[in-house]
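*Asks:* Residue strings, one per chain:
There are 2 protein chains.
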Amino acid sequence: MAKKNAFYAQSGGVTAVINASACGVIETLRQHPEAFGTLYAGHNGILGALTEELIDTSVLSEAQVAALKHTPGGAFGSCRYKLKDIETHQAQYERLIEVFRAHDIGYFFYNGGGDSADTCLKVAQISEKMGYPIQAIHIPKTVDNDLPITDNCPGFGSVAKYIAISTREAALDIASMCATSTKVFILEVMGRHAGWIAAAGGLAGQEEGDAPHLIIFPEVPFEREKVMARVDECVKNYGYCVIVVSEGARYADGTFLADAGTTDAFGHKQLGGVAPTLAGMVKQDLGYKYHWAVADYLQRAARHIASATDVEQAYAVGQAGVELALEGKHSVMPAIIRESNHPYRWHIEQASLADVANVEKFMPRDFISMDGLNITDTCRAYLEPLIQGEDLPPFSKGLPQYIQLEYTFAPRLLAEFTP
Amino acid sequence: MAKKNAFYAQSGGVTAVINASACGVIETLRQHPEAFGTLYAGHNGILGALTEELIDTSVLSEAQVAALKHTPGGAFGSCRYKLKDIETHQAQYERLIEVFRAHDIGYFFYNGGGDSADTCLKVAQISEKMGYPIQAIHIPKTVDNDLPITDNCPGFGSVAKYIAISTREAALDIASMCATSTKVFILEVMGRHAGWIAAAGGLAGQEEGDAPHLIIFPEVPFEREKVMARVDECVKNYGYCVIVVSEGARYADGTFLADAGTTDAFGHKQLGGVAPTLAGMVKQDLGYKYHWAVADYLQRAARHIASATDVEQAYAVGQAGVELALEGKHSVMPAIIRESNHPYRWHIEQASLADVANVEKFMPRDFISMDGLNITDTCRAYLEPLIQGEDLPPFSKGLPQYIQLEYTFAPRLLAEFTP
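Top line first, the protein sequences correspond to chains A and B.
Here the first sequence is numbered in the working numbering, starting from 1 and rising by one per residue.
Here the second sequence is numbered in the working numbering, starting from 1 and rising by one per residue.
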């Protein structure tokens, strides 16, 4: 088989380590010049393929590629853009194949979450249908940790570490001030559907009474009275209460707390997230002084304190993706398989994309305590290995040195296309 | 002079490094058994002196004391409690002196910000008036960096480093997503009166066009039209816009943005901070997709990425406070004096508390750019040395190992007192 060029793209919300996967792909690919031609990266994810904005990675120096491993964000640009239904929007898929054909691309590496796995699968299907062979390989990434089959998702370990550390640190602050000041602290974390990140906050505590005292999961319907009673109990027992709340916290009827129909003076839907909403309840029901924080992008960009395990796994799935391609595989995803907790051992196996696409993995019920407001030891045993090790980026002048690539684009060969 | 016992207390909002000052005090004091007896720490700051809750630090092991240097929060408890006017509340001051007399305390080390400097001065005055000599020494601490005379305040360098890093990291996230998703990101930081912390966000950028594109200071009256025009310009030029905003951002009439009279559906004052308020303006005036983060306590507790310079200075002012006491000084504060920027050199001198108490240091006008929306090179030259170096705490199981002290209290010798 004549050697083909390859395409790599980043998809969906970026993470502290998605570029480590890119690094794994590029470095491994470069070790096999007999099999692979040029690697093009899509500018802004799959959009770059549709618009024929292909970043030529062959011009990147070894040092630039290596620097990707410690740089957060998406170095080639990512996108929130889901390919539409293949039946009604066949033109989009055909355009993809045209671009791939024009640039002699035979490998499609797609680095993303659940939606991207679906896109990746569709690309495999359309390539078969159109008689232009593409080996489509999905490289897992998501802070939400909600992909099936793989034991965990690259990107999650680092956000978990950041949230656990932040919870522990903020708790020491509140503990020292609670006698005369703030009694309730609320940290809002990501996770609209699954409570994995909120659960990671639970790692901050080690003993009975340690913060966080409550974790509010999307998986557990929110009961205001029960939660407020528990908050009150913590303030009375420990002097203060720390709550980690998932942005996806919701009532039994599915309404998000952060979107509970309240409007501001101008009639706009309340802008605040779930943390200020919950803070309002604390004030109204209990009258305690509160503070709240919303970590937002800070949590998923916090490469400065990334989990070394996460960085290693992110790189490994990139590397494994290329190795699967070498073996002639397609419509697969490298999945992380846990072998043991003590010591933590894992390896990579291939998963079929058909089993991955459009399946969301929620927190198992036995990861959540009986009262629905904390994590269990089973959950802790699952989470702990994922935050092991500190992998600091290089620092200069007190700040992490992250790389920002200047792009060299492949020449355009096709007419313009509006996605 | 017979040797006397000493009292140390933490006051006001805690920081990532206030315990490093405590460590400096304790370790230095222990080196001079000829001069000092037992060091008692006030439980919850000055309240501990009033209520006679004196933590006996002599039982702490060397390792415990050393661990304070890398532990955020206030290890002995702090408080938001300002001693009232000396004329009308003389009983409070007399009680302090009674407690000090009962426990043979001759040294008063008070670790705090501007309000605490005032309290420290008052304690010196009352001790003189009551004929019970106390050497009152103020040890500077405040993330707000607003004490006079000292070039900077321990606690600030670490929050500055955290905010600069977080801004740089979040900016990479937004830059990679802006083509199809978030275009405006707003990070709210502390600083109700002075914009020092917001200014530190400016260190994230190095070149024209780098984030943060706008910094909103409390010192510069907020003009909605001007700010929104600049946001729009950034989105059009760079594809996205990152804003660092001080919680103290206000209109020309002094009204805080975060407290602009808006109420929620229940008629309560809007709970949100300035970040969601500003986000609402972006949505209303420009229609761009936004995200916002409120770092809150996370920023001042972030010991995991503390500035090594800050840790060193926090320890040094604790040490210097004890040395000043040895020299027989009172009503003074060790101040950090900058000698040069390249290389960064500093030393400690004594400042008179009379010159420190109740004076707030704002950002000099030449630290803020002409348009009022960013920092100048002069400001950058001032800030850069303060965030130098990474001083990581020890980690175990992926998390920083912070110490939580168990307190041994000195026996009570006096009747109860309700402050």
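Treat the hints with caution; some may be incorrect.
Intra- or inter-copy, both count: the list cannot distinguish identical chains.
Derived pair list, reagent style SDA-like, types lysine to any residue, alpha-carbon separation capped at 20 angstroms [unchecked claim]: (1) 397 with 343; (2) 289 with 81; (3) 3 with 352; (4) 329 with 347; (5) 4 with 81; (6) 236 with 209; (7) 84 with 346; (8) 4 with 179; (9) 82 with 384; (10) 283 with 392; (11) 82 with 345; (12) 226 with 256; (13) 84 with 256; (14) 283 with 384; (15) 289 with 192; (16) 84 with 373; (17) 84 with 323; (18) 397 with 341; (19) 3 with 308; (20) 397 with 210; (21) 397 with 338; (22) 329 with 104; (23) 129 with 329; (24) 329 with 210.
Treat the hints as calculated values from the structure; they're not laboratory data.
*Asks:* With reference to the structure, classify each hint as holding or not holding.
*Replies:* Structure-based check of all given hints:
no., hint, verdict
1, 397 with 343, "between (37 angstroms within a copy, 12 angstroms between copies)"
2, 289 with 81, "between (42 angstroms within a copy, 15 angstroms between copies)"
3, 3 with 352, "neither (25 angstroms within a copy, 77 angstroms between copies)"
4, 329 with 347, "within (18 angstroms within a copy, 65 angstroms between copies)"
5, 4 with 81, "neither (26 angstroms within a copy, 71 angstroms between copies)"
6, 236 with 209, "within (12 angstroms within a copy, 50 angstroms between copies)"
7, 84 with 346, "neither (36 angstroms within a copy, 61 angstroms between copies)"
8, 4 with 179, "neither (67 angstroms within a copy, 29 angstroms between copies)"
9, 82 with 384, "neither (33 angstroms within a copy, 43 angstroms between copies)"
10, 283 with 392, "neither (40 angstroms within a copy, 36 angstroms between copies)"
11, 82 with 345, "neither (35 angstroms within a copy, 54 angstroms between copies)"
12, 226 with 256, "within (17 angstroms within a copy, 35 angstroms between copies)"
13, 84 with 256, "neither (27 angstroms within a copy, 45 angstroms between copies)"
14, 283 with 384, "neither (34 angstroms within a copy, 40 angstroms between copies)"
15, 289 with 192, "between (27 angstroms within a copy, 18 angstroms between copies)"
16, 84 with 373, "neither (38 angstroms within a copy, 42 angstroms between copies)"
17, 84 with 323, "neither (30 angstroms within a copy, 72 angstroms between copies)"
18, 397 with 341, "between (38 angstroms within a copy, 12 angstroms between copies)"
19, 3 with 308, "neither (35 angstroms within a copy, 51 angstroms between copies)"
20, 397 with 210, "between (36 angstroms within a copy, 17 angstroms between copies)"
21, 397 with 338, "between (39 angstroms within a copy, 18 angstroms between copies)"
22, 329 with 104, "within (18 angstroms within a copy, 80 angstroms between copies)"
23, 129 with 329, "within (17 angstroms within a copy, 87 angstroms between copies)"
24, 329 with 210, "neither (48 angstroms within a copy, 42 angstroms between copies)"
Violation of the numbered hints given earlier is confined to hints 3, 5, 7, 8, 9, 10, 11, 13, 14, 16, 17, 19, 24; the remaining hints are satisfied by the structure.
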